[in-house]
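2 protein chains.
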Amino acid sequence: MAKALPVSPLAPAQFPDLPVIGGVRFATVAAGVRYSGRTDVMLALLDPGTSVAGVFTRSATRSAPVLDCQAKIGGDSSGGAAILVNSGNANAFTGQRGQMSVTELTRAVAEVAGLPESRVFTASTGVIGEPLPHEKIIAKLEDLTASAEAGGMTAAAKAIMTTDTFPKGAVRQVEIDGKTVSIAGIAKGSGMIAPDMATMLSYVFTDARVEQATLQRLLAAHADTTFNCVTVDSDTSTSDSLMLCATGASGVDATSDATFESALHEVLLDLAQQVARDGEGASKFVEIRVTGATSDADAKTHAMAIANSPLVKTAIAGEDPNWGRIVMAIGKSGAPADRDLLGIRFGDILVAEKGWVSPDYSEAEAAAYMKGQELVIEVEIGLGQGKATVWTCDLTHGYIDINADYRS
Amino acid sequence: MAKALPVSPLAPAQFPDLPVIGGVRFATVAAGVRYSGRTDVMLALLDPGTSVAGVFTRSATRSAPVLDCQAKIGGDSSGGAAILVNSGNANAFTGQRGQMSVTELTRAVAEVAGLPESRVFTASTGVIGEPLPHEKIIAKLEDLTASAEAGGMTAAAKAIMTTDTFPKGAVRQVEIDGKTVSIAGIAKGSGMIAPDMATMLSYVFTDARVEQATLQRLLAAHADTTFNCVTVDSDTSTSDSLMLCATGASGVDATSDATFESALHEVLLDLAQQVARDGEGASKFVEIRVTGATSDADAKTHAMAIANSPLVKTAIAGEDPNWGRIVMAIGKSGAPADRDLLGIRFGDILVAEKGWVSPDYSEAEAAAYMKGQELVIEVEIGLGQGKATVWTCDLTHGYIDINADYRS
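So the protein sequences, as listed, match chains A and B. Here the first sequence stands for residues 1 to 408, numbered as in this note's numbering. Here the second sequence stands for residues 1 to 408, numbered as in this note's numbering.
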């Protein structure tokens, strides 16, 4: 990241006012891993009894910290836990040295925070293939631990940014049994975004009490319909990590509470959509809804083929209602489709039905719609009941600018 | 195509001198399908006894002409055959009206050329979803048929261009049984290029005699290692067509001749690579060789994941030896890989081995290599004997320019 990028035009109007989540404290520091003049490490300290769930990239070349976290998820958390994240260097494809860095970091955090190593989770994001200068981070751990405070989640959101043009946070609060339960989270990610999962790191915290196995099941299920439904460029990171921590500090058990689950979904979706809204070079946010496929999985295959098509994405950037490219993307997706049953809408505008342009279709009207910043593309496959919705952004000169010059 | 594009810097120095192929005559005309001031229709008339083979897009939304050709391939050709191709309009996603256009065109060609309709093949390339003004083409058929001549293949290559910045032709001549056998072909295509097949039309002609079923088998096999190994943007056209016609005019039967097969492969590869060299906005031609995969199919999966990755392609455009993105692409491909066995070379430069950067690696040396216009990226997976080579180009501002403004 050679220079500061302008904030995405699709960014939310403001960063949300994140509440204190009882049972978790945050600290950040500028360790100089790669960037100068900004924070690049965050530490979250979780009280004893916190359930910790996580889902991670399925990349065959996943990073050392991801492998370490995956091995630790599901363990006993009666002694508390910690999450340490650095930006600037992904510690990915760094061989045995990368694993050694993870070991050094987790050992050092465990020592300073008085935790077992098995409850220290780490993540690294940034450039791949360069050794992580973990000693720079370790040198700051005493300060980090000492300065951890309940109100530090917003600062944490900033410390984990890489090519992000805005920090990402989301919050929902619900009443359960007459008490307020909060769910708040942060995320980073703007390129190398595609399932599984969107390239990103995201950390979500709640003061509800949720039993560990349930928390893991909830996170996996809702990651599939949120983070795994956003794509910027079809490229999947080696470091993707999404963690959910339930401290139980509210005293409310939400293990099987539908209100809680719904709020959790909203927080995850909000964060996931913010990642797409910060897609590198994005000028338009696009929701793609596919209905009538032979199954939900086939609907998602079609939706992702549309969302990842460079020709569709450049047409959107050019504000061109080029629905022929939608047809092309459906055709190549590999999921069943029948050309002569397809229906396509841009927003409320019926573009095509039964395989051909609608008699009422007005190109001028569609072109006017495409000038909007928030677009909806609906496709009816006409074969069954399968449906899926995914979110993406357009492909612009900004993407080329950012990615042809990332390391220089 | 709003404006003329500059010729790709990767274009061959000159169009080859295509020989006359006995048994086939060509004609072209400016029918005004969409473009003005240029030819947009080509007709090839094949003598009786010509074997005709074809492979086509597997898109679920393939165009009406593709469906028509697929139904006709393999039929008796004792009465000759004809191929009619227009540019400017793909006659794809045009519903029943599109099929009617094909019927009208094939009927008209059959009548003018004195052929059964079952031996008239058509193709259309250009904008999707708009009705083909087939009457404009039909009005020119008498002139086309009357003007058909043996030496017209170069003019045909120009008539079928859309966003191509140069016409594409290739030729090989071999001696079989003391006689010269020629194989010559033309192609178009520069965007919406990915298997199956590269978006393109290609027509290859030989004066060898090859029995129909063998010709079809040969074409299918060699399309898989040539046209199905090039990608520009991962997008697959609804119109891709590759046809091979063997007139037998040389009097040489090449049905089971290895020299002929090898020459055919070279012609197909030459044409396929020219398509990648004309990739929309391309500034670099990239060969990606994957070895050591668990199977040839897995090697191709890895190679295509690298070739289609927007992050890899933009790094190449930026002349950045960002091998971490190669690792990312291998990781997401879905084919087996082990991070700690990977080896990567840029040209002769060993970048990474056994999962990490080589001790002798010089970023400056790699950066200097990346400034070249013809690049080779080699990946050793380290798991088996599977191998594949694919060809692609970089992703530049030029691609965005062309595709954000194609219809306007």
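Read the hints as simulated data drawn from the structure, not as lab findings. Do not take every clue at face value.
A pair counts as met if it fits within one copy or between any two copies, since identical chains are not told apart.
Said to hold, decoys possible - In silico lysine-lysine, DSSO-like type, Cα no more than 30 Å apart, as pairs:
no., residue 1, residue 2
1, 387, 140
2, 179, 140
3, 387, 179
4, 371, 179
5, 136, 72
6, 136, 179
7, 136, 354
8, 140, 371
9, 354, 387
10, 354, 371
11, 387, 136
Computed from a prediction, not measured in an experiment: that's the story for all the values here.
Okay, the hints, checked on the actual structure:
1. Within a single copy, residue 387 and residue 140 get their C-alpha atoms no closer than 48 Å, and across copies no closer than 47 Å, so neither meets the 30 Å cut-off.
2. Taking the shortest alpha-carbon separations for residue 179 and residue 140, neither the intra-copy value of 38 Å nor the inter-copy value of 80 Å comes in at or below 30 Å.
3. In this homomeric assembly, residue 387 and residue 179 never come within 30 Å of each other (Cα to Cα): the closest approach is 36 Å inside a single copy and 61 Å across copies.
4. In the homo-oligomer, the alpha carbons of residue 371 and residue 179 never lie at most 30 Å apart, since the shortest distance is 45 Å inside one protomer and 63 Å across protomers.
5. In this assembly of identical chains, the alpha carbons of residue 136 and residue 72 lie at most 30 Å apart only when taken from the same copy (24 Å versus 69 Å across copies).
6. In the homo-oligomer, the alpha carbons of residue 136 and residue 179 never lie at most 30 Å apart, since the shortest distance is 43 Å inside one protomer and 74 Å across protomers.
7. Taking CA atoms no more than 30 Å apart as the test, residue 136 paired with residue 354 passes between copies only; the shortest distance there is 26 Å, against 61 Å inside one copy.
8. In the homo-oligomer, the alpha carbons of residue 140 and residue 371 never lie at most 30 Å apart, since the shortest distance is 48 Å inside one protomer and 40 Å across protomers.
9. Only within a single protomer do residue 354 and residue 387 lie at most 30 Å apart by alpha-carbon distance; the minimum there is 18 Å, versus 43 Å between protomers.
10. Only within a single protomer do residue 354 and residue 371 lie at most 30 Å apart by alpha-carbon distance; the minimum there is 26 Å, versus 49 Å between protomers.
11. Proximity of residue 387 and residue 136 under a CA criterion of 30 Å is satisfied in neither setting, with 48 Å inside one chain copy and 42 Å between copies.
When the structure is compared with the earlier hints, violations turn up for hints 1, 2, 3, 4, 6, 8 and 11 and for no others.
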